[in-house]
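Undergrad: Per full-length UniProt numbering, the sequence shown runs over residues 1 to 106.
In case anyone wonders, no lab produced these hints; they're calculated from the structure.
Source: prediction; values computed, not measured.
Please note that the accuracy of each hint is not assured.
[Stated by the list, open to error] Straight-line Cα separation of at most 25 Å, PhoX-like style, residue types lysine-lysine; simulated pairs:
1) Lys68 <-> Lys55
2) Lys38 <-> Lys68
3) Lys82 <-> Lys55
4) Lys52 <-> Lys38
5) Lys68 <-> Lys82
6) Lys52 <-> Lys68
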Amino acid sequence: IHINKSSNPQHAVIRDVADILISYATTPGYVSWRNSMKGSWFIQSICEVFSKRAKDTDILAMLTMVNKRVAEAFESTSGAYKQIPDHSSRLRRNFYFFPGINQKTH
Numbered sequence: 001i002h003i004n005k006s007s008n009p010q011h012a013v014i015r016d017v018a019d020i021l022i023s024y025a026t027t028p029g030y031v032s033w034r035n036s037m038k039g040s041w042f043i044q045s046i047c048e049v050f051s052k053r054a055k056d057t058d059i060l061a062m063l064t065m066v067n068k069r070v071a072e073a074f075e076s077t078s079g080a081y082k083q084i085p086d087h088s089s090r091l092r093r094n095f096y097f098f099p100g101i102n103q104k105t106h
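Go ahead and model the full structure; you've got the sequences and the hints to work with.
TA: Now the structure itself:
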């Protein structure tokens, strides 16, 4: 990792790899499942969790909720397969979405 150094070593910046969040529908090497009418389990869960919680919950907490929902609420039609999402975070702070999209106006 190449860092940009300032005169103060405490202020060294890692710009190229910091503040990145990658979320996968499943662990690499495994399959991601979908409902032919409703779409992927992962995207269904993201839409459900984010629409309800984005106004007051940071993204890593919401992705943990997505993991729980996908792992517990869905299974293949044969009942033999499950799925667990996977994410990698290099966030240095909590990240919140703008909460105004689904709020009712008075």
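Undergrad: Does each hint fit the structure? Answer for all of them.
TA: Hints versus structure:
Restraint check for Lys68 and Lys55: satisfied, since their Cα atoms lie roughly 20 Å apart, inside the 25 Å limit. Restraint check for Lys38 and Lys68: satisfied, since their Cα atoms lie roughly 19 Å apart, inside the 25 Å limit. Simply put, Lys82 and Lys55 have alpha-carbon atoms about 29 Å apart, too far for the 25 Å limit, and the pair is violated. Pair hint Lys52 plus Lys38 holds up; C-alpha atoms about 18 Å apart against a cutoff of 25 Å.
Restraint check for Lys68 and Lys82: satisfied, since their Cα atoms lie roughly 12 Å apart, inside the 25 Å limit. Between the alpha carbons of Lys52 and Lys68 the distance comes to roughly 15 Å, so the proposed pair stays at or under 25 Å and holds.
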